[in-house]
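With these hints in hand, go ahead and build the complete structure from the sequences.
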Amino acid sequence: SGPATPPDISDKMSESIDKAKEACAEDTASGKCAAAWDEVEELSAAASHARDKLKETSDPLEAYCKDNPETDECRTYDN
Amino acid sequence: MAARSFSSASTTTILLRSGRWRRTMRAAAFPFRVSCSAAAGGTVVIGLAADSGCGKTTFVRRLTSVLGAGTAVAAAPPWGGNPGSNTLLGDAATVICLDDYHSLDRAGRKERGVTALDPRANDFDLMYRQLKAIKEGRAVAKPIYNHATGLLDPPELITPPKILVVEGLHPMYDERVRGLLDFSIYLDISSDIKFAWKIQRDMAERGHSLESIKASIEARKPDFDAYIDPQKQYADAVIEVLPTRLIAAADDDGDEGKVLRVKLIMKEGVEHFAPAYLFDEGSTISWIPCGRKLSCSYPGIKFSYFPDTYFGHEVSVLEMDGKFDKLDELIYVESHLSNLSTKYYGEVTQQMLKHADFPGSNNGTGLFQTIVGLKIRDLYEQVVAERAASPPALAAVA
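If you read the sequences in order, they're chains A and B.
Numbering-wise, the first sequence is residues 937 to 1015 according to my numbering.
Numbering-wise, the second sequence is residues 133 to 530 according to my numbering.
Just so you know, these hints were derived from the structure itself, not from any lab.
Cβ atoms here follow ideal geometry from the backbone N, Cα and C, with glycine treated the same way.
Treat the hints with caution; some may be incorrect.
Said to hold, decoys possible - Here are a few chain A residues that sit away from chain B, every Cβ distance over 10 Å (derived from the structure):
1. G967
2. L990
3. S994
4. D995
5. L997
6. E1009
7. N1015
Claimed, not checked - The calculated label-pair distances, taken between Cβ atoms and stated as ranges, are:
8. B:D412 <-> A:T1012: 24 to 30 Å
9. B:I463 <-> A:N1015: 46 to 52 Å
10. A:K989 <-> B:I420: 47 to 53 Å
11. A:E962 <-> B:Y464: 57 to 63 Å
12. B:S323 <-> A:D995: 45 to 51 Å
13. B:F443 <-> A:C1001: 47 to 53 Å
14. A:D995 <-> B:Y464: 31 to 37 Å
15. A:N1004 <-> B:L283: 31 to 37 Å
16. A:S966 <-> B:S323: 38 to 44 Å
17. A:E962 <-> B:S429: 49 to 55 Å
18. A:T1007 <-> B:P362: 29 to 35 Å
19. A:E951 <-> B:S323: 23 to 29 Å
20. A:E951 <-> B:I463: 48 to 54 Å
21. A:D1003 <-> B:L283: 29 to 35 Å
This is the structure we're talking about:
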């Protein structure tokens, strides 16, 4: 399933869901309600992007080699 | 990608990469950045429209991979700038996200009760001015909309690339911006599939449930129908993603969104864009490639090709329903498609294999995105050749 969402975005996300439910309690057709759910959508997208980014750096060797390209286990020569 | 381009001395790059360099960006303080300077041919602008969570990112990754042939460097965000930047720099293409042109930040939209889909939340004047400037070969300082904080950050410098891809909710909304696009694509995801994809994406999120995902889609729908969906009539190519027809709805055991029917709708008569076809151009063909030469498991694969009309335009439609089991067998399908704008036999298959881990690599979404990517490369080459043949009257004399 891959890495978990970073906690800061994850917290914002569940907060915005609660707020959206609140905003829509009175009137589900109001702009306020749509805007609140739109914020949830934006944060979901941001969370998924953050997870993708973590996936890219999930290889421990790759992460190490980014910082230490000159070490034995990281050196690559094209020819 | 950035580090490589500065110098070959790795000590320098490490020093530069330590991150101390980050500072607030003011016009004077732009760190020197890597970017492809526009060739003499000027910039070709490609528009990509889709709703949030509909696979724009995957498409952009496939596209930059096709366009950036010849290097191992993947598209990366601008080096040394704002970590919240949405821009991607490849060696041939720069991708900018149109969310950067929000006129209202998250709090502002909330206050007025408008969504990001609403044109009132976006600054089309600035979008037009800056895209026009880039197309004319001038660098611009483009704002950054930070998705994590919901704030508009100080601008970043965008220099004219060979190919500029603008992706977002409204690339074809404003008539002036539309006029700047050399080619436009719309990703049209049907509601059932959109729902399935969002469940896959968000179900793991704390506090998000089936109900709240549904509520979010429902609440945004009126604005989506009013402002985003109508843009597809202007697109040169539309990729439609629909539920499969190979499995009867009755025995569909919650596989919603796993098997897809994908249509590539290509406008006829667009300059520099010759639609791809199957077997015989202009015929209506239905083809099941499964048999001795291609092993398919349930529910199999079915291709269709036919002429059609789309919002009053003549179009050619390629359709693929089902999924591949073994990606390398795609070569069998590729060899029966024509007008793919490949540079060598098997290029589509090779591009798909290169990114086998991307979503959609075993179905029509990946196949058609790759084909559109090759078409865009071809269009770019034609446009550049044309401009070289007839230099503009105002060509700068060196």
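Inset, instruction - Test the statement that L997 (chain A) is away from the interface with chain B: the closest C-beta pair must be farther apart than 10 Å. - result: holds, 17 Å
Legend entry - Consistency of beta-carbon spacing, S323 (chain B) to E951 (chain A), with hint 23 to 29 Å: Since the Cβ atoms of E951 (chain A) and S323 (chain B) sit about 27 Å apart, the hinted range of 23 to 29 Å holds.
Legend entry - Cβ distance range 57 to 63 Å for E962 (chain A) and Y464 (chain B), holds or violated: holds, 58 Å
Inset, instruction - Mind checking the hinted window 31 to 37 Å against the Cβ distance between D995 (chain A) and Y464 (chain B)? - result: Given range 31 to 37 Å: holds, Cβ gap about 33 Å.
Legend entry - Range hint 38 to 44 Å (beta carbons of S966 (chain A) and S323 (chain B)) holds or violated: Check failed, 22 Å falls outside 38 to 44 Å.
Inset, instruction - With 10 Å as the threshold, tell me whether N1015 (chain A) passes as away from chain B on beta-carbon distances. - result: Nearest chain B Cβ is 14 Å from N1015 (chain A), so the label holds.
Legend entry - Distance restraint hint 48 to 54 Å, applied to the beta-carbon atoms of E951 (chain A) and I463 (chain B): Holds, at about 50 Å.
Inset, instruction - For the range 49 to 55 Å, tell me whether the beta carbons of E962 (chain A) and S429 (chain B) fit it or not. - result: holds, 51 Å
Inset, instruction - Using the Cβ atoms, figure out if D1003 (chain A) sits within 29 to 35 Å of L283 (chain B). - result: Check passed, 30 Å falls within 29 to 35 Å.
Inset, instruction - Just double-check S994 (chain A) for me: nearest Cβ-Cβ distance to chain B has to come out over 10 Å. - result: holds, 12 Å
Inset, instruction - May I ask you to test the hint 47 to 53 Å on the CB atoms belonging to K989 (chain A) and I420 (chain B)? - result: Because 40 Å falls outside the window, the suggested range is violated.
Inset, instruction - Would you check whether the claim that D995 (chain A) is not at the interface survives, using Cβ distances to chain B and the 10 Å cut-off? - result: holds, 13 Å
When each numbered hint is compared with the structure, violations occur for hints 1, 8, 9, 10, 12, 16 and 18.
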